[in-house]
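Q: Residues per chain, in single letters:
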Amino acid sequence: MLNSNPFATRFIRPGAIDYLFPAGQSIDSLLAVLRDNHWWGEIIGPHGSGKSTLVTTLLPALHAAGRQVIRYVITPDGAGRPECLAPLGAYAQLADHPLDPSTQLILDGYERISWWWRRRIQVLCRKRGTGLLVTAHQPLGLPPLVVAEPTEQIAQQVVQRLLPSGDTSITPADISAAFARTDGNLRETLFALFDVYQSRRAIEDSLG
Amino acid sequence: MARLFRFLEKKRGQRRTGSNLMGSVGEAIFCGALFLLGMLALTALVAAQVVRYDPQSLAIGLGWWLVFLVLSSFVVIGGVGLIRTALRVGASAERRGAMARQASELDIVHEAVPRPKNYPTVPPFDGLTNSPGVELAYRLPPSSTPGWRLLATTLFTLAWNGVACVLAVWTVQGHLARQPDWFLTIFLFPFLAIGVWSIRYLLLQIWLHTGMGMTTVEISDCPLVPGQSYQVAIAQHGHISVKSLELWLVCEEEATYRQGTDIRTEVRRVFEQQLWSHRDFRIEPIEPFQASAALPIPATAMHSFHSAHNSVNWQLVVRGEVSHWPPFERGFSIVVYPGEATLRVEVSANVARNALRPQHSVTGATTGATA
Amino acid sequence: MSDRPADSAEPLLSICLVGSKRSFSAGDELVCEYQVDAVDPADIQAVEVSVVWYTEGKGEEDLGVHYFERRLPADAEDGDLRPMRRLRTRLPNSPLSYSGAILAIRWCVRLRLFLRRRGDFVMEYPFTLGAVPIRVPAVA
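Chains as they are written, first to last, in this note's numbering: chain A, 33 to 240; chain B, 60 to 430; chain C, 87 to 226.
No lab work stands behind these hints: they were computed from the structure.
Note that the coordinates shown come from a computational prediction; the quantities given were computed from them, not determined experimentally.
Covered by chain B, according to a simulated footprint, are these stretches of chain C (three or more residues, beta-carbon under 8 Å):
1. 101-115
2. 180-190
3. 207-218
Example chain B residues on the side facing chain A (calculated, C-beta under 10 Å, incomplete):
4. A314
5. Y316
6. R317
7. Q318
8. D321
9. I322
10. R323
11. E325
12. R327
Just so it is clear, CB atoms sit at the ideal spot from N, CA and C, and this is done for glycine as well.
Model the full structure from these sequences, guided by the hints.
A: So, in structure tokens, the structure goes:
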């Protein structure tokens with residue numbers, strides 16, 4: 033019976049692995065920055081840079097700080113799922129929530145909402161004293177919290193955490209090559225290593 | 060004579076003896092021209108009233124309103140006709156007939172058909188067996204049709220050129236009245252250029268999808284079971300010079316991952332086997348190329364599987380390289396059920412002996428972990 | 087399969103397949119015994135046992151439940167859900183266990199314990215349904 037591939041989505045999705053903070057950064061330091069900015073902030077980074085992972089990593093600290101978290105992912109169609117919002121109806125749905133100063137609104141993919149509705153959401157949050165933390169691919173004018181820029185070193189560390197102890201099927205050279213091939217997209221790096229791991233293990237099993 | 064374009068085509072029931080390409084392209088040109096003519100004239104008619112309001116001409120009766128209705132009908136007939144032409148491109152004769160008989164009802168029935176409950180997660184095959192074949196038992200529907208892209212192109216072309224007509228009439232009227240709007244005039248040129256490009260692109264799409272000729276694939280039975288061999292018949296229509304035509308049995312895995320705002324779908328081909336191939340031949344409109352081949356399903360093949368985000372799909376793929384046309388690949392989905400070799404596990408004598416020994420257990424706990 | 091926790095206050099979940107095989111043919115009867123130990127019966131809110139398949143790989147995980155049973159203290163003799171209990175179910179024809187290039191289908195017996203004060207604990211016992219061979223993808 034085969035063991036799981038350590039790069040399967042169940043092991044790499046946000047919440048399954050923690051965000052690896054670069055030197056000088058930690059959950060506490062980010063929370064302090066958020067607090068100083070009245071719980072407003074934006075996490076900026078390209079695709080697969082760990083923005084959603086960072087948000088998931090921050091959630092327990094936000095709860096511990098007494099924040100009532102309301103989190104949505106902005107998708108083009110709202111995806112028919114309760115945790116997703118379509119850009120057009122986002123403001124109306126958010127306005128229905130009992131937002132107050134203890135609420136922490138988190139919107140993943142904030143740039144999908146048009147400038148006009150973003151302004152209205154921000155006015156709504158200011159009026160009700162609600163915290164607003166967003167993720168986006170480029171700055172949108174909120175106080176900067178983190179610019180997520182995965183490095184090869186972080187990719188090496190993430191992979192070492194994912195591999196079972198003593199498993200040497202993925203080498204640092206493999207990680208380096210995958211990271212370069214995917215232009216620094218950490219999620220795609222992990223997907224590329226999925227294929228490498230899968231093929232090497234299958235060959236080992238067929239020979240063994 | 061058969062090579063020459065025939066002005067008079069003979070219909071035999073649902074089938075036409077003439078060129079499907081000329082039919083579709085001609086239909087598109089006719090409907091498009093009707094739409095443009097109606098749009099231009101209608102715009103001029105309305106603009107004339109806007110510029111110089113004449114309440115007497117708007118009196119109910121044979122006059123302005125009649126012309127308005129006639130021109131509106133040109134726009135509606137032309138626009139709807141163009142959309143229908145786009146939708147019918149790539150559809151088989153049986154499917155065209157079903158569309159004419161309000162195919163949406165049939166589609167609702169298809170969606171309501173439950174999967175065979177003996178084989179959970181194996182996709183239903185009813186959609187594959189509701190079309191009888193000519194040579195063999197069933198004709199397979201193509202996996203994907205150009206319908207949606209063509210429809211989108213058509214709608215864009217209609218909308219853009221409709222607006223272009225209005226702007227053009229407005230601008231010309233301004234010039235004729237010696238009150239030219241130069242900003243509008245300058246803006247009109249790129250607008251018209253895009254309109255002309257969209258018309259050209261639409262006609263090219265219809266030409267490409269129709270001119271290549273339809274590919275039909277028929278199979279002797281459905282669903283398919285590993286370890287068994289079936290018959291498959293292909294027919295390639297068109298007026299083309301074929302460099303190579305191949306038939307492949309293919310299995311693909313598909314996995315969709317949604318994370319945050321990103322949706323990522325990966326398709327990986329895990330099995331392919333060439334069933335048949337032929338090179339360097341011509342196909343004439345009056346006589347489609349036909350061939351048949353054996354279709355053996357590997358005994359240890361994984362069955363077709365479909366869940367919300369993952370699937371294992373089997374299909375027959377026709378690949379062709381044709382002179383003066385881009386190469387094409389057309390897929391036809393099939394359903395493979397679990398076979399005897401994969402349903403049953405061989406039990407070794409050792410295991411059979413051990414079945415009488417004390418039981419094997421695993422004890423432990425994962426702290427707070429959830430699956 | 088799972089490490090025994092050092093803290094003896096952790097609940098102990100046991101799953102035992104009757105017979106020594108872990109590979110089943112479609113239509114075979116799966117007989118399984120399960121029990122819970124090292125926990126105060128008054129602390130148990132519910133016990134769920136299920137036979138499920140799930141996907142694993144590069145896509146979202148999908149889950150299919152073939153057998154499911156949830157028991158509350160009121161369903162048990164003396165309100166104690168800890169004693170050993172047996173489940174029997176006939177396994178279906180599909181989906182068969184599969185190990186592909188980007189997708190795997192796995193079967194397991196899953197035992198989930200809900201405690202009033204400490205959340206839930208889960209234990210899985212994997213098994214194979216059918217005999218679809220493992221594919222060897224091309225070396226990346």
